[in-house]
Structure formats: C-alpha cells, structure tokens
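S.K.: All chains, full assembly: derive it from the sequences and hints.
Using the working numbering, read the sequence shown as starting at 1 and increasing by one per residue.
Please keep in mind that the hints were generated in silico from the structure rather than gathered at the bench.
Some clues are possibly wrong.
[Stated by the list, open to error] Straight-line alpha carbon distances no greater than 25 Å define the calculated SDA-like cross-link-like pairs of lysine to any residue that follow:
1) K221 - L248
2) K220 - Y157
3) K219 - L190
4) K230 - I162
5) K219 - C149
6) K27 - G66
7) K112 - R80
8) K3 - R76
9) K231 - E152
10) K112 - R76
11) K231 - S180
12) K230 - R83
13) K221 - I232
14) K230 - P188
15) K112 - R21
16) K27 - F49
17) K64 - R80
18) K3 - R21
19) K220 - L203
20) K230 - D164
21) K221 - R155
These figures come from a predicted structure and were not determined experimentally.
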Amino acid sequence: MRKRDVLLIVENPVRSNIILRLDEAGKAAYSDLLDSAGLVEVLDSRGNFNYHLNFLLESSIVIKEGMVYRLTDRGRAIARFIREVNRLWEKVEPKLRGSYKDIVSYAQEFEKEVGIRMNRKISEIKLKGKIEIVMDERSVIGILDEERCEDEFFRGYEEIRISDMNFDIVTRGDKDGKESHHYVLGHPDLSYHLSPHYFGSVLLYLQRNFGEAHLYAEKKKPMPFMLRAKKIGERYEGPAFMIAPIILDRCQK
1 MRKRDVLLIV
11 ENPVRSNIIL
21 RLDEAGKAAY
31 SDLLDSAGLV
41 EVLDSRGNFN
51 YHLNFLLESS
61 IVIKEGMVYR
71 LTDRGRAIAR
81 FIREVNRLWE
91 KVEPKLRGSY
101 KDIVSYAQEF
111 EKEVGIRMNR
121 KISEIKLKGK
131 IEIVMDERSV
141 IGILDEERCE
151 DEFFRGYEEI
161 RISDMNFDIV
171 TRGDKDGKES
181 HHYVLGHPDL
191 SYHLSPHYFG
201 SVLLYLQRNF
211 GEAHLYAEKK
221 KPMPFMLRAK
231 KIGERYEGPA
241 FMIAPIILDR
251 CQK
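M.R.: Structure below.
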C-alpha cells in the first residue's frame, strides 16, 4: 500500500475505529463493529459503514471468516501505526493549538478533578538548585514539570512497583498513652509510608489523563514519593507529583 492510502485510513475515523476494534478483540461480528464505529458519531447511515468495511475487505486489511471479521497481517501493522499516530497526536496537539498548559494550569485541573485544594502559586524549592513546584494548601502534594524529575536531587530514586505496595494499619501512642490507628501504604523496601488518600487521588488523575502511572521513592532514607505518567527519562507533556512521606514508629498489619 502507498503511504497516502494508509494515511487516508488513519484519517478516516470509521475505518480506523474498525481496525482498532478488531486489533483489540481479535475478532468481531458485524453488529459489534457497527456499534464500535457508531461511537465516533460520524455515521450517517449503515450504508456509509458498509462502504468503509468493504474498502477494508477489498484492501486485504480485514478478512471475513464465517460470521466474524479479523485483521490480516497488513491490518495489524496498520493498527500499530494508528495507535502510534494517536499517541504522537496527543503529545503535540496542545502545542499546535497554542494551549500548552503550565504547572499552575495542571494544579487547577487537578483540584477540579479530585477536590484537593491547591495554592496555585509557584514556590521555588531548593533541591540542590531551584525547582518550581506548586503545593497544595497542606503542603503534602507538589506538582512540577516532568522534566524536572531528571534533576540530580532525584538521582537516588528507584521505581517502586505499585502492585507491591501493602495496605497497613499503623498504631501510634500519644503522650498520654492513648493509641490511635492510621491507614497507610507501605513497601518492604521502605522505612516510611504513603497516604492512601493522596496516592489514590494522584493515581486517578494520571491514569485518567495519561493512561498510566509510575511510582518512585528513595529507598535509603525518607523522601517525598514521586508519581509520573511515564518512567524517568521518558518525556511527556504533563506534570509529575511529589507526595510527602508518612514517618511512623510502629506498624501492625
């Protein structure tokens, strides 16, 4: 196929949606494909859908086996291309439309989505240099540009598998000998803990807006936790989050 032909497929939402649906499901009946294509709200009629489906069949992108449809090897290659185009578009589109957001704008969006009030002011925190960061009103969560995570201050940070975090009950005694219980997230390699509330809020925001999240921490000493949409070294247009650690004496699971 010519590059122009492939680009026309990517550009057409009905064709690209059919391909992505089959790539995700492996196979699908006509009615399933019709429903999935309808989600993009561009269909004027079933005849329009049939026209695009027949184009994919005639181009050997899709094949029909009995009552179901599948992608050919060519179709699967095009599906990978469509996903890559979509990924790149999400990255450059804010800049192309001239509305690239700074960290204050992300702080406002974060507050609106999860309800944690932000100061909306940029503070210069000395982390072996000055790093601009927006803090919440309790100074527990900070938002910074993702590229700042490559500062030498974070050199000792290692990725922590989110699935390895444990839900703990921490018991603390006050000066009068009364005990109180706190719910925290812990990890076998860490001597400090993470607030489930703040972790859950940031995780929800990153997964909802970027599709994934990665957790980093300093294993040798208590330091703020870092949450990013991508691994350190992988650039993306968006914020990174720092969450203050919880340091407690005694833990009971």
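S.K.: Hints the structure violates: just list their numbers, smallest first.
M.R.: 7, 10, 11 and 15
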